[in-house]
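Colleague: Input sequences plus hints: build the corresponding full structure.
Same order as they appear, the protein sequences are chains A and B. For what it's worth, numbering that gives the first Met the number 0 labels the leading residue of the first sequence as 0, then goes sequentially. For what it's worth, numbering that gives the first Met the number 0 labels the leading residue of the second sequence as 0, then goes sequentially.
Treat each hint with caution, since some may be false.
Simulated crosslink set (DSS-like; lysine-lysine; CA at most 27 Å straight-line) [said to hold, decoys possible]: (1) Lys58(B) - Lys21(A); (2) Lys21(A) - Lys75(A); (3) Lys35(A) - Lys58(B); (4) Lys21(B) - Lys85(A); (5) Lys87(A) - Lys21(B); (6) Lys102(B) - Lys58(A); (7) Lys34(A) - Lys58(B); (8) Lys21(A) - Lys35(B); (9) Lys102(A) - Lys75(B); (10) Lys75(A) - Lys58(A); (11) Lys39(A) - Lys102(A); (12) Lys34(A) - Lys5(B).
No lab work stands behind these hints, which were simulated from the structure alone. Computed from a prediction, not measured in an experiment: that's the story for all the values here.
Protein chains: 2
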Amino acid sequence: MRSIIKRSNCPISYGLDFLGDKWILLIFRDMIFEKKSYFKDFLGSAEGVATNILTSRLKMLVEHEFITVEQDMNRKTMKKYRLTKKGKDLIPLLLELMIWSSKYGDFGLETVALLNYVESLNQNRSKVIQQILANLEDN
Amino acid sequence: MRSIIKRSNCPISYGLDFLGDKWILLIFRDMIFEKKSYFKDFLGSAEGVATNILTSRLKMLVEHEFITVEQDMNRKTMKKYRLTKKGKDLIPLLLELMIWSSKYGDFGLETVALLNYVESLNQNRSKVIQQILANLEDN
Numbered sequence: 000m001r002s003i004i005k006r007s008n009c010p011i012s013y014g015l016d017f018l019g020d021k022w023i024l025l026i027f028r029d030m031i032f033e034k035k036s037y038f039k040d041f042l043g044s045a046e047g048v049a050t051n052i053l054t055s056r057l058k059m060l061v062e063h064e065f066i067t068v069e070q071d072m073n074r075k076t077m078k079k080y081r082l083t084k085k086g087k088d089l090i091p092l093l094l095e096l097m098i099w100s101s102k103y104g105d106f107g108l109e110t111v112a113l114l115n116y117v118e119s120l121n122q123n124r125s126k127v128i129q130q131i132l133a134n135l136e137d138n
Numbered sequence: 000m001r002s003i004i005k006r007s008n009c010p011i012s013y014g015l016d017f018l019g020d021k022w023i024l025l026i027f028r029d030m031i032f033e034k035k036s037y038f039k040d041f042l043g044s045a046e047g048v049a050t051n052i053l054t055s056r057l058k059m060l061v062e063h064e065f066i067t068v069e070q071d072m073n074r075k076t077m078k079k080y081r082l083t084k085k086g087k088d089l090i091p092l093l094l095e096l097m098i099w100s101s102k103y104g105d106f107g108l109e110t111v112a113l114l115n116y117v118e119s120l121n122q123n124r125s126k127v128i129q130q131i132l133a134n135l136e137d138n
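Modeller: Okay, structure coming up:
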C-alpha cells in the first residue's frame, strides 16, 4: 500500500494527505459528473493525465477505499471503478471548488452554463447533491 | 511570475491548477483559522513545510492575488501576509474538507471539538462563515 504519512492531527491536513494533488480530484470529477468508470476514459480527459500518474492515483484511491475496482461483467478485460460512500462524500468539496472557480476563472462559452449551475447550487444545494447521487445510482 | 498552465476549460481543473497541492491550503488554514500572517509562523506549523516550498507557495499566492504582502509597520524587517477576497472565498472549500475529514479521520482528543464544530456548520453554515470573516477583520 502506498504509504500516507499523517503530517499532523489537523483535519484539513488529513484531507490533503490524500487529496492534495493536481490529479486526484479530477478522477472524482470524471466519476461524479461524467460518470466515467474505466481507465481509458479517465486517461482521455482533457487535462491529459499521464498513464503512470493515473495508475498510481487509482491504486491509492482503491487502497484507501475511496473507490472500488472489479472486472467488468460484460467487458472481461476491463476493470470498472466505482465510488464508495467515502468517495461520494467528496461531492460538496468539488462543488465548492466549482463555485470558487466560477468567481475567478474565465470559462469562455461555458461561463453562462457554469453560472447557472452555481445559481442552482446557491438556491438549493442539498437538492443538487441528491440529484447527483441519484444520477450515480443509475450507473 | 510562476506560470500556471491551464489544463482545460473545466472549473474544477482551474481551481486545482492553483490549489492542487499538499501545502497551499495549509497556508490558508493558518491564515483563516490561526490568524497567522508571518513567514516564520507558517514555517512553525505542525506539518513541517520546507522553507523553499513555503517561499514558492507564498510567491505564487501573492502573484495570483490570493494574498497580499507588505512590510509590517511595527516590525520593519518582517513581511506581513493578508488574505484578499479571492483568498477568503476559499473558506467554504476548507470547511468542506474539514467536514469530510471529520467523517473519515481519527483525531484523537480533538475529535469531540471537531464534531461539535461540524455540527455548528451543519446547523448554520453562513453564520459560522460570517464569524470567521469578522474574526479576520480584527487582524
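Colleague: Is the hinted pair Lys34(A) and Lys58(B) satisfied, with a Cα-Cα distance of at most 27 Å?
Modeller: Between Lys34(A) and Lys58(B) the Cα gap is close to 37 Å, so the pair fails against 27 Å, i.e. violated.
Colleague: Keeping to a limit of 27 Å between CA atoms, is the pair of Lys21(A) and Lys35(B) held or broken?
Modeller: holds (26 Å)
Colleague: Does Lys39(A) pair with Lys102(A) here, judged by a C-alpha cut-off of 27 Å?
Modeller: violated (32 Å)
Colleague: Are Lys58(B) and Lys21(A) close enough, with their CA atoms no more than 27 Å apart?
Modeller: holds (19 Å)
Colleague: Keeping to a limit of 27 Å between CA atoms, is the pair of Lys21(B) and Lys85(A) held or broken?
Modeller: holds (20 Å)
Colleague: Would the hint linking Lys75(A) and Lys58(A) be met if the CA-CA limit is 27 Å?
Modeller: The given pair, whose Cα atoms are some 19 Å apart, holds under the 27 Å limit.
Colleague: Can the restraint linking Lys35(A) and Lys58(B) be considered satisfied, given a maximum Cα separation of 27 Å?
Modeller: violated (36 Å)
Colleague: Given the proposed pairing of Lys87(A) with Lys21(B), does the C-alpha separation stay at or below 27 Å?
Modeller: Judged against 27 Å, a Cα distance of about 21 Å means the pair holds.
Colleague: Is Lys102(B) close enough to Lys58(A), meaning Cα to Cα at most 27 Å?
Modeller: Holds, because 22 Å separates the two Cα atoms, which is no more than 27 Å.
Colleague: Measure nothing beyond the straight line between the CA atoms of Lys102(A) and Lys75(B); if it is 27 Å or shorter, mark the hint as holding.
Modeller: Violated. Lys102(A) to Lys75(B) sits at ~35 Å, over the 27 Å cutoff.
Colleague: Is it true that the CA of Lys34(A) sits at most 27 Å from the CA of Lys5(B)?
Modeller: holds (23 Å)
Colleague: Within 27 Å, alpha carbon to alpha carbon, are Lys21(A) and Lys75(A)?
Modeller: Outside the cut-off at roughly 31 Å; violated.
Checked against the numbered hints given earlier, the structure breaks hints 2, 3, 7, 9, 11 and satisfies all the rest.
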